[in-house]
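A.B. asks: Now for the letters of each chain:
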Amino acid sequence: MTGIITQYRIVSALVPDRARSDELFLRALNAQAGLSYFVSGVSKLFGSSWVQGDAIGEILQTEAYGNGPAASLLRRFPRLVRLLTWATPLWEVSFPLIYLLPSRWARAMLLGVKAFHLGIAGVMELPRFVWGFVGSHGAVQYVVDQRSQARRSAGSLERVTLASAAVIASVSAGYAASQRQFDIERRGGLKGTKLLDVDDGVVEYDLRAPSDPSVTAESAPVVVLEAGLGSPLEAFSWVAELLAVDHHVLSYHRGGYGRTTSNRSPGDLVAALLAHVVSSGTLISVSHSIGTLAAASYLRRDFGGRFISSAVVIDGTNPRLLADDRVDRRRRGMFLQSQAGSMYIALTGIYNFVPHAIARQSAFAPDDQLGVVQFSFSPRNILRATREYFNMPLVDAMQSLLAVPRRRVIASKEYEQQESEFAEALHAPIVVVEGASHRSILGYRQYAQQVAQIVRETSGDDS
Amino acid sequence: MTPSVARFATTVASVALTAHVVATVLQNTPDSYNLDLRRYVAGWTIPGWRFFAPNPGVHNVHLLARTRGTESSDRPGDWRDVTPPTHHSMLNVLFNPRSRGPKALFDAMQQLSVMQSNYSAMEWMVTSLPYRLVTDATRGFLQTEDATQFQFLLMNYYPAAQPGRRMLPVLVSMWMPLHLAPESST
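Each protein sequence line maps, in turn, to chains B and R.
My numbering runs 3 ahead of the 1-based position in the first sequence.
My numbering runs 14 ahead of the 1-based position in the second sequence.
Next comes chain B alone, as it looks inside the complex (with noise of 0.2 Å):
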């Protein structure tokens, strides 16, 4: 804030008008004052540790923040900290309405902001934040002061930063919008995907016959791929592609994914989708991430007299850490915050212009990237993947996998302490990806190379 401080006065010294210049400084200083409170506050309302009362005292416990004689003495109180990480984002966050007080309200308040700076020096050791943060209150009550003498509620410099900032959040919503509502198009439309009735709706579906003629179609092995959490079925295109030179290869939504409007278990959309692939080959079930999860459920499933007889897993969900995940309330704060901000993006559209993990870890073909990034970032898919992640069934899923005949595990690099021992776990053969992460095991063309050899080996095992 200092800085700011230094730069907004040079700026604003360009001004020969004495009076429009101190007043145009003091305006746009006051925007920073009070655009840092609430915008502090609201990132904070984001953070899993500040909503469940852990953050400040966590921060006492570092070494840069929580050595000092203060820091010491606070952390005797857990309480209190408790309650001073609630209450400091509440204030932040109601921050703007200073600007609705009474000048000498104002004051008041401004004052009891300044012990917390105060505090907030002596706890953390922190200066640099009174002597910047104090020095902009200055312009806020400048701004307070002007209102009440009811000179002006709102400068154009006001004015003209909320309504930008409006129409280019509005512009980028529509915007994103606009592209989602593409993606879907374009799987209605002949590149895209297709769609099979089951009782209760539809379910959306891909599949690919063998495009090699010298293999026969009616005994070529049958791969079902089964994609993760919040993921669409063109995180496999790069593995489907390679396969389906000799396989079939069926990948779908489940419901309440993309398309699929019916309710049906993933079991039985695979069995309504299986029924249409006209090939007696063996069954070979292929799964990333919570995927392993759902395909767990039909593993031992009987399809009209044919069972799976290979299960890969894909960097897999192992069960037993999904169910302590859920019960662990900072882990289970952890996801709901990660899914909180994927919805923000989504329907701010920031997405479609910042770097962001998904982009960032897979290469796809034009169509499937778009596929991809806007299914991903679609509020509904974000909403029924958080449903997934605490619904999805646990009981007996290990057993489910032991009872698959050959088992094998392929792991990237971030997963592989993890995968290695599910790995163990599953008494199956491990491989591992060097170089890959969690999303470009699938999401770039090399790794996915590797995948569909690790497949297809396995599927001449069957054979």
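Misleading hints may appear alongside valid ones.
In silico SDA-like pairs for lysine to any residue, Cα to Cα no more than 20 Å straight-line [as the list claims (entries may be wrong)]:
| no. | chain 1 | residue 1 | chain 2 | residue 2 |
| --- | --- | --- | --- | --- |
| 1 | R | K117 | R | N69 |
| 2 | R | K117 | B | N70 |
| 3 | R | K117 | B | E66 |
| 4 | R | K117 | B | W134 |
| 5 | B | K416 | R | F65 |
| 6 | B | K117 | R | N110 |
| 7 | B | K416 | R | W138 |
| 8 | B | K416 | R | M129 |
| 9 | R | K117 | B | G6 |
| 10 | R | K117 | B | E61 |
| 11 | B | K416 | B | A428 |
| 12 | B | K416 | B | Q456 |
| 13 | B | K117 | B | Q144 |
| 14 | R | K117 | B | T5 |
| 15 | B | K416 | R | V184 |
| 16 | B | K416 | R | A135 |
| 17 | R | K117 | B | G135 |
| 18 | B | K117 | R | M129 |
| 19 | B | K416 | R | L185 |
| 20 | B | K117 | R | L105 |
| 21 | B | K194 | B | G177 |
| 22 | R | K117 | B | L129 |
| 23 | B | K117 | B | S97 |
| 24 | R | K117 | B | R131 |
| 25 | B | K194 | B | Q184 |
| 26 | B | K416 | R | S134 |
| 27 | B | K117 | R | L108 |
| 28 | R | K117 | B | M4 |
| 29 | R | K117 | B | A74 |
| 30 | B | K416 | R | N132 |
| 31 | B | K416 | R | L108 |
| 32 | B | K416 | R | M139 |
| 33 | B | K416 | R | L182 |
| 34 | R | K117 | B | V133 |
| 35 | R | K117 | B | F132 |
| 36 | B | K416 | R | N69 |
| 37 | B | K117 | R | F109 |
| 38 | B | K117 | R | M104 |
| 39 | B | K197 | B | H279 |
| 40 | B | K117 | R | V107 |
The set of hints was computed from the structure by calculation and includes no laboratory data.
Mind docking chain R on chain B? Use the hints.
C.D. replies: Chain R alone, transformed into the frame defined by chain B:
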């Protein structure tokens, strides 16, 4: 100053400050997305107001180092914690300039942690500013050592985590010369 020049100067200052405030609003989204709008305000630094949010730093970053002789076959020494200490004093409430050095190093180490978690290539990381800063700082801490090469290790320590989950190694550097040859002047 002529009226037209005065009007021009007023317009420039007003537009510049308004654009900067608008860019600040747009860049300060609730989560830490890398929305860099500096290019729209001529490179002017845009403040980040998300203090300790959404996820506050709740860990200590430790800088560990070890040294060895010239030959790559030489057995390296043990890792030692060379993290600069944080000084505490009652006066820090009002004036704490000694916190700047450790904070700069902490931020550089933090950036390296982010690069590592994003699977950045080592070849790229070694050319980054944070890597060079940490390298130089470590080299400075080890200047009195009787060795020719050194290596650093960044270790995150989470004091509030459950025992057994507190230490997380982040990055091991390459072996680097401890003493740089003086630059020759021409």
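A.B. asks: Hey, K117(R) versus G6(B), does the alpha-carbon distance stay inside 20 Å?
C.D. replies: 18 Å, holds
A.B. asks: Quickly compare the C-alpha distance for K117(R) and G135(B) to 20 Å and report which way the hint goes.
C.D. replies: 18 Å, holds
A.B. asks: Is the straight-line distance between the alpha-carbon of K117(B) and that of V107(R) 20 Å or less?
C.D. replies: Given that 20 Å is the threshold and the Cα spacing comes to 13 Å, the pair holds.
A.B. asks: Just to be careful, I want the Cα atoms of K416(B) and L182(R) compared with a cutoff of 20 Å; is the pair within it?
C.D. replies: Distance ~16 Å between K416(B) and L182(R) Cα, so the pair holds.
A.B. asks: Taken at face value, is the distance from the CA of E61(B) to the CA of K117(R) at most 20 Å?
C.D. replies: Since the Cα atoms of K117(R) and E61(B) sit roughly 18 Å apart, the hinted pair holds (cutoff 20 Å).
A.B. asks: Hint check: K117(R) vs E66(B), CA-CA at most 20 Å. Holds or violated?
C.D. replies: Distance of about 12 Å is within 20 Å: holds.
A.B. asks: Given the hint that K416(B) pairs with S134(R), does the C-alpha gap stay at or below 20 Å?
C.D. replies: 13 Å, holds
A.B. asks: Are the Cα positions of K194(B) and G177(B) separated by 20 Å at most?
C.D. replies: 25 Å, violated
A.B. asks: Hinted pair, alpha-carbon criterion (20 Å max): K117(R), F132(B). Please report holds or violated.
C.D. replies: At roughly 15 Å apart (the allowed maximum being 20 Å), F132(B) and K117(R) satisfy the hint.
A.B. asks: Does K117(R) pair with W134(B) here, judged by a C-alpha cut-off of 20 Å?
C.D. replies: 18 Å, holds
A.B. asks: Checking one constraint from the list: CA of K416(B) to CA of A135(R), max 20 Å. Satisfied?
C.D. replies: 14 Å, holds
A.B. asks: Can you confirm whether the C-alpha distance between K117(R) and A74(B) stays at or below 20 Å?
C.D. replies: 18 Å, holds
The structure fails hints 5, 18, 21, 31, 36 (numbered hints given earlier, in ascending order).
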